[in-house]
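*Asks:* These are the residues of each chain, in order.
Protein chains: 2
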Amino acid sequence: MIYFTFDPRPDLKNDLLSSIREEKFEFTRQVDVELLKQAEILVTYGEDLTVEHLPFMNDLKWIFVASAGIEKMPLKELKEKGIAVSNVRGIHKTPMAESVLAHILTAYRSLKTIYKEEEQKNWNKKVPSKELFGSTAIILGPGAIGGEIGRLLQAFHVKTIGCNRSGKKADFMDDMISFDGLLNALPEADIVISVLPSTEETKNLITAEHFKAMKNDAMFMNFGRGSLVATDVLIEALENGEVGSIVCDVFEEEPLPAHSALWNFEQMTVSPHVSSHSSRYLERSFDIFKRNMKIYKNGDLANLENLVNLEAGY
Amino acid sequence: MIYFTFDPRPDLKNDLLSSIREEKFEFTRQVDVELLKQAEILVTYGEDLTVEHLPFMNDLKWIFVASAGIEKMPLKELKEKGIAVSNVRGIHKTPMAESVLAHILTAYRSLKTIYKEEEQKNWNKKVPSKELFGSTAIILGPGAIGGEIGRLLQAFHVKTIGCNRSGKKADFMDDMISFDGLLNALPEADIVISVLPSTEETKNLITAEHFKAMKNDAMFMNFGRGSLVATDVLIEALENGEVGSIVCDVFEEEPLPAHSALWNFEQMTVSPHVSSHSSRYLERSFDIFKRNMKIYKNGDLANLENLVNLEAGY
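Protein chains in written order, with the working numbering: chain A, 1 to 314; chain B, 1 to 314.
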């Protein structure tokens with residue numbers, strides 16, 4: 001039985017049921033342990049499974065996570081039980097890269113200021129206008145999403161420097177550095193973008209020292225996970241003018257509390273964790289699911305797309 | 001003598017003087033007829049020359065216009081006098097294409113709404129998020145600027161349809177249509193962008209009929225010249241919901257008067273004719289001027305870059 005812990009839009013649900021006729025489906029809006037006991041395949045957004053559910057996973061072989069965030073899942077325990085976990089990480093690349101480019105271009109072309117002047121019916125031509133052309137960007141996490149950001153930045157003639165643990169080559173990156181090399185490379189960057197997942201290694205990877213190393217007019221963007229950098233570090237960098245602007249789509253605490261000082265800075269943009277949103281999201285997710293159902297039915301669990309490394313946590 | 005009717009930034013001026021040592025230069029902030037009489041080459045932004053200046057152009061051979069807008073110049077009279085006019089039209093392509101992409105992505109990723117919510121310290125995830133990927137754009141005026149817009153849109157997997165007088169093939173356009181075919185093609189477009197210059201043919205090219213033919217959620221952008229479409233036509237389209245949003249960088253009357261109804265629409269963005277602005281503008285202009293000085297000195301006036309067709313007006 002294929003058990004969904006959410007209830008998809010009727011048109012998408014009907015499409016699923018008619019394309020996978022041979023299987024029994026169940027859909028509920030919360031985890032139902034009685035159904036979980038009978039499930040062979042579980043489809044979830046990844047935020048509703050805890051260690052308490054493990055004893056009920058009797059027949060479970062595969063968890064399909066219809067999102068990229070798996071940090072709330074009991075990964076080690078799932079590994080012990082021999083359950084395969086795959087997600088849809090590639091799916092976010094288009095909306096996320098479009099969001100990142102939107103924020104970068106907005107900053108370079110001063111749209112936020114233009115909108116404010118517009119509110120006041122002010123025709124003010126004295127807004128700064130920079131060109132993205134010829135600038136340099138460091139992309140922390142040059143995987144599927146980071147690579148798509150790199151591809152688009154290159155189309156704008158931006159030099160892309162990928163930054164990952166090993167410094168190993170990645171697509172659409174003109175240069176590569178390792179996490180250890182980041183501090184040295186920062187003075188060169190006009191834009192620093194993170195799309196890193198939350199792991200032990202990426203937690204607090206960005207510190208006050210990194211902001212001090214950045215150009216004073218650099219743009220820092222966190223579109224991965226809030227654990228990358230402490231809120232206080234962001235506030236200090238803004239207060240000290242160590243960075244030109246910051247755009248975050250993710251925060252240590254979400255929703256960002258109304259009393260947070262981050263809301264108050266002119267140079268700060270708070271995006272409410274929406275950069276991966278897309279009106280076409282679930283449609284694409286289910287395309288991946290259907291494709292992988294065939295792989296699963298062939299018994300090729302090891303060949304599922306976007307299989308999660310349950311030890312590394314990504 | 002090379003006569004500038006504006007006074008450039010000292011660093012750029014010094015660079016000019018030291019790279020063209022053999023010529024005499026004059027710089028004033030307004031047209032001085034005594035200097036004009038002696039000038040062989042005139043460098044202007046194109047907005048300060050009138051028919052009254054013609055009798056003083058005794059020695060003038062070449063006018064270098066450090067902008068793209070030449071519609072205020074007495075072109076026919078200059079032709080009669082045998083004076084060559086060239087401009088820097090290619091120079092605008094980078095900042096303008098970046099501006100156009102900024103506005104498109106902002107709309108697709110709802111940044112204007114996100115900024116408004118941010119002002120209120122609202123963490124509101126319920127903002128619409130569309131993907132640019134897979135959409136269709138019509139580009140009116142697929143020349144240097146339109147082509148650069150097309151190139152970038154194609155990087156975002158947007159289908160580009162160029163629209164010019166003849167329907168003749170243009171770079172970075174998946175399809176081509178002529179002005180006559182526009183009305184038929186509009187129902188297909190998610191985005192309609194004009195970067196057309198102001199000529200007899202482009203004046204009021206866009207009418208109420210065109211807006212009625214557009215998708216109700218289409219985005220219309222005028223980044224060429226305000227004469228393309230009457231202000232009343234824009235207001236009517238917004239009032240009737242015939243278009244999803246409008247972004248204009250140019251208007252029939254500039255500055256857009258504070259009493260204009262265009263300021264009042266939520267779906268309207270007023271950009272104060274800044275899309276071509278760039279902190280690197282004059283630097284690039286002077287690079288073109290220096291390059292063309294060599295062509296001029298060789299007596300090759302017919303081979304100057306961006307030579308203006310004084311009859312056609314572009």
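Treat the hints with care, as some may be off.
Which copy? The list can't say, so a pair holds if one copy fits it or any two copies do.
[What the hints assert, rightly or not] Listed below are the simulated DSSO-like cross-link pairs for lysine-lysine, each with C-alpha atoms no more than 30 Å apart in a straight line:
1. 212 x 169
2. 130 x 116
3. 126 x 72
4. 159 x 130
Please keep in mind that the hints were generated in silico from the structure rather than gathered at the bench.
All of these numbers come straight from a predicted model, not from anything done at the bench.
*Asks:* The structure should be examined with respect to each hint, and the outcome stated for every one.
*Replies:* Hints versus structure:
1. 212 x 169: Cα proximity of residue 212 and residue 169: one copy only (27 Å, versus 51 Å across).
2. 130 x 116: both (18 Å within a copy, 23 Å between copies)
3. 126 x 72: between (47 Å within a copy, 23 Å between copies)
4. 159 x 130: both (16 Å within a copy, 27 Å between copies)
Figure legend: structure checked against the earlier numbered hints; every hint is met.
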